[in-house]
Amino acid sequence: ELVAALDGQLSAQQRVHVLWSLKRLNRLSHEQLIAASRNEDSIVRNHAMRILSETKDWSDKLIEADIRGLDDEAAMVRRAAADAAAQHPQSELVEPVLMLLLSTPESDKHLRHTLLIALRNQLQVQGAFKHLRRAKLSEPQQQLVASAALGVKSREAGAWLLYAVEHVAIDPAQMNDVLKAAAANISKEDADQLARVVRKRLGGDIDLQLSLLKSVRDGLRQQGFGESGELRDWAAELAGLLLKSNDPNSL
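My numbering runs 132 ahead of the 1-based position in the sequence shown.
Each hint should be verified, as a subset may be incorrect.
[Claimed, not checked] With a straight-line Cα cutoff of 35 Å, these simulated DSBU-like cross-link-like pairs (lysine-lysine) come out:
no., residue 1, residue 2
1, K155, K193
2, K268, K241
3, K346, K332
4, K320, K376
5, K268, K193
6, K312, K268
7, K262, K188
8, K312, K262
9, K262, K332
10, K188, K241
11, K332, K320
12, K241, K312
13, K320, K268
14, K262, K346
15, K155, K188
16, K262, K241
17, K332, K376
18, K285, K241
19, K193, K285
20, K346, K320
Think of the hints as simulated: they come from the structure by calculation, not from any bench.
Full structure from sequences and hints, please.
This is the structure we're talking about:
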């Protein structure tokens with residue numbers, strides 16, 4: 133009996149074999165998987181994370197198991213836990229993923245790539261950005277969130293990127309991408325503030341301002357909203373700057 137075998141004396145490889153057999157037979161309970169995630173052998177914990185990645189409908193205890201895996205002393209367990217987190221977005225995983233990402237050296241490209249995917253996927257969960265607003269993130273954590281948010285298409289992401297432009301030390305090389313992503317996902321409520329921020333920061337870059345204005349307009353139009361007075365003022369200001377330009381190609 134496979135279930136009874138888990139309670140016996142097994143080698144790590146034997147235990148892994150039993151766990152996968154029960155998983156394939158749809159007879160592995162959450163309690164058994166959680167116990168495996170706490171096993172003293174890293175090989176068993178690694179496979180527990182891999183099974184967790186293939187497990188549907190995570191309970192709170194399974195989320196806790198993945199969080200433990202992200203903080204495991206064994207690198208292979210952390211990698212498997214990161215992959216599981218990427219497959220099962222949960223707002224509770226944002227901070228643990230961020231913590232591991234910050235502590236992972238640049239040389240571990242595979243783990244960093246997996247964690248960045250996991251972070252992006254967590255941020256796609258409704259309410260994830262509100263959770264981050266309540267959390268006391270460090271400056272490096274906020275910078276990582278800004279990078280990951282570039283791949284998230286939602287008004288929550290647009291609002292957070294606008295916040296990041298105003299309050300986070302964004303890498304100057306990335307600022308244009310952040311502004312473009314914010315513009316493409318902006319809400320009607322935040323459009324005026326974005327216009328003010330862009331006009332203040334990019335007063336001399338007419339081409340980029342035009343591109344951002346178009347993104348804001350397109351985003352609002354797709355949501356069924358018209359332009360505000362602030363946006364019309366921004367458009368009029370740009371038109372005036374273009375008329376004053378000596379470059380005939382800009383007209």
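Comparing the hints with the structure gives:
no. : hint        : verdict
1   : K155 - K193 : 18 Å, holds
2   : K268 - K241 : 27 Å, holds
3   : K346 - K332 : 18 Å, holds
4   : K320 - K376 : 30 Å, holds
5   : K268 - K193 : 24 Å, holds
6   : K312 - K268 : 26 Å, holds
7   : K262 - K188 : 25 Å, holds
8   : K312 - K262 : 21 Å, holds
9   : K262 - K332 : 27 Å, holds
10  : K188 - K241 : 28 Å, holds
11  : K332 - K320 : 20 Å, holds
12  : K241 - K312 : 27 Å, holds
13  : K320 - K268 : 27 Å, holds
14  : K262 - K346 : 27 Å, holds
15  : K155 - K188 : 12 Å, holds
16  : K262 - K241 : 29 Å, holds
17  : K332 - K376 : 19 Å, holds
18  : K285 - K241 : 25 Å, holds
19  : K193 - K285 : 30 Å, holds
20  : K346 - K320 : 14 Å, holds
Going through the hint list in order, the structure satisfies each hint without exception.
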